[in-house]
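*Asks:* Listed below are the residues making up each chain.
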Amino acid sequence: MRAVPLLLAALLAACSHEPKPTLAPAEGALDELRAAVVREVKDPQRARAAVALVDEMEKLVAATHAGIRAHNDKLKALNANYDATAEEFRAAFRDFNAARDRREDQTLELNRRAKALLTAGEWRELAKLREEAIRKAVAAGSEL
Amino acid sequence: MALLALYLLGGSGTFALVADLDHAKAAIKAQVAEGPRREQMLAVVEQAEHTTKQALEKRKKTAQELLGLVHAYDAAPGDVQALLRRLRAETSAYQEQLVRDRFELKAKMSREEWTKVFKL
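Here the protein sequences come in this chain order: A and B. The opening position of the first sequence corresponds to residue 1 in the numbering used here, with each subsequent residue numbered one higher. The opening position of the second sequence corresponds to residue 1 in the numbering used here, with each subsequent residue numbered one higher.
Just so you know, the hints here were simulated from the structure itself, not pulled from any lab data. Fair warning: there could be bad hints in the mix.
[To be verified] In the DMTMM-like style, the derived pairs of lysine to aspartate or glutamate whose C-alpha atoms are separated by at most 20 Å in a straight line are:
no.	chain 1	residue 1	chain 2	residue 2
1	A	K76	B	E49
2	A	K76	B	D22
3	B	K60	B	D79
4	B	K119	A	E56
5	A	K115	B	D74
6	B	K60	A	E104
7	A	K74	B	E96
8	B	K116	B	D20
9	A	K74	B	D20
10	B	K106	A	E87
Next up, chain A with everything else stripped away, as it sits in the complex (with noise of 0.2 Å):
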């Protein structure tokens, strides 16, 4: 389904240069998604897990881009500190590519859910809308 690779994309992006107070301009491109996935899956009970995990991934967009926020406030302060020490921000980022590492396992593993879940054909249908899915969900939060 095209949520997790929209999913890995925002979680990638780890730079969040205007932050955005929510993932507001992504709701439409969820909502679509979800569309989307009830349209193509004919099964009901499988299309109700597919929109399911795009609820998941949704909230993990969201929790990534707050981990995001979080982090560059910290690096900023720590930059503009004389004496911060160089461990200090070696303790940064090992504390946000452990948080960041959860996460990407926590996507692939809803990548993984997906596919297990939908059939191939759906899996190339929904993947058409993949990239407006992702321009839409990364610029919602997490800008270069």
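On the provided structure of chain A, position chain B as indicated by the hints.
*Replies:* Chain B alone, transformed into the frame defined by chain A:
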């Protein structure tokens, strides 16, 4: 895919540091008197810019490969994990180099200069 790859470039957690260094060149020129010391500071900032450029190019390539696999319905989980490990290792190396660049710059600046250039 090119657009997607651009989004991935910043996934190193270095944005705040890179943004500070990005504006440092102009700030150093404004705050530090012209001379050899200022030239040394600017050279370190350019070195940090080079570090970032190199890292982002490498990251873009790896991230494109990774996303290609994630998009593929029949990708082997082992292949995805291998690329993810590579991406993480590249990111850690870049973070470490950027920290070294930051402290090399700091060694050339007084507390007062640093405070003026990197004020919050």
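*Asks:* Do the alpha carbons of K76(A) and D22(B) lie within 20 Å of each other, as the hint requires?
*Replies:* Holds: K76(A) and D22(B) sit about 13 Å apart, inside 20 Å.
*Asks:* Mind checking the alpha carbons of K76(A) and E49(B) for me, to see if they're no more than 20 Å apart?
*Replies:* holds (17 Å)
*Asks:* Need the status of pair K74(A), E96(B): alpha-carbon distance at most 20 Å?
*Replies:* holds (17 Å)
*Asks:* Could you grab the alpha-carbon distance between K119(B) and E56(A) and see if it respects the 20 Å cut-off?
*Replies:* Judged against 20 Å, a Cα distance of about 39 Å means the pair is violated.
*Asks:* Quick one, are K116(B) and D20(B) close enough, alpha carbons at most 20 Å?
*Replies:* holds (12 Å)
*Asks:* For the pair supplied as a hint, K106(B) and E87(A), is the alpha-carbon distance within the 20 Å limit?
*Replies:* holds (15 Å)
*Asks:* Mind checking the alpha carbons of K115(A) and D74(B) for me, to see if they're no more than 20 Å apart?
*Replies:* Holds: K115(A) and D74(B) sit about 9 Å apart, inside 20 Å.
*Asks:* Take a quick look at whether K60(B) and D79(B) sit within 20 Å of each other, Cα to Cα.
*Replies:* holds (18 Å)
*Asks:* Between K74(A) and D20(B), does the CA-CA distance stay at or below 20 Å?
*Replies:* At roughly 13 Å apart (the allowed maximum being 20 Å), D20(B) and K74(A) satisfy the hint.
*Asks:* With the threshold set at 20 Å, check whether the alpha-carbon distance from K60(B) to E104(A) stays at or below it.
*Replies:* holds (17 Å)
In summary, the one numbered hint that this structure violates is 4.
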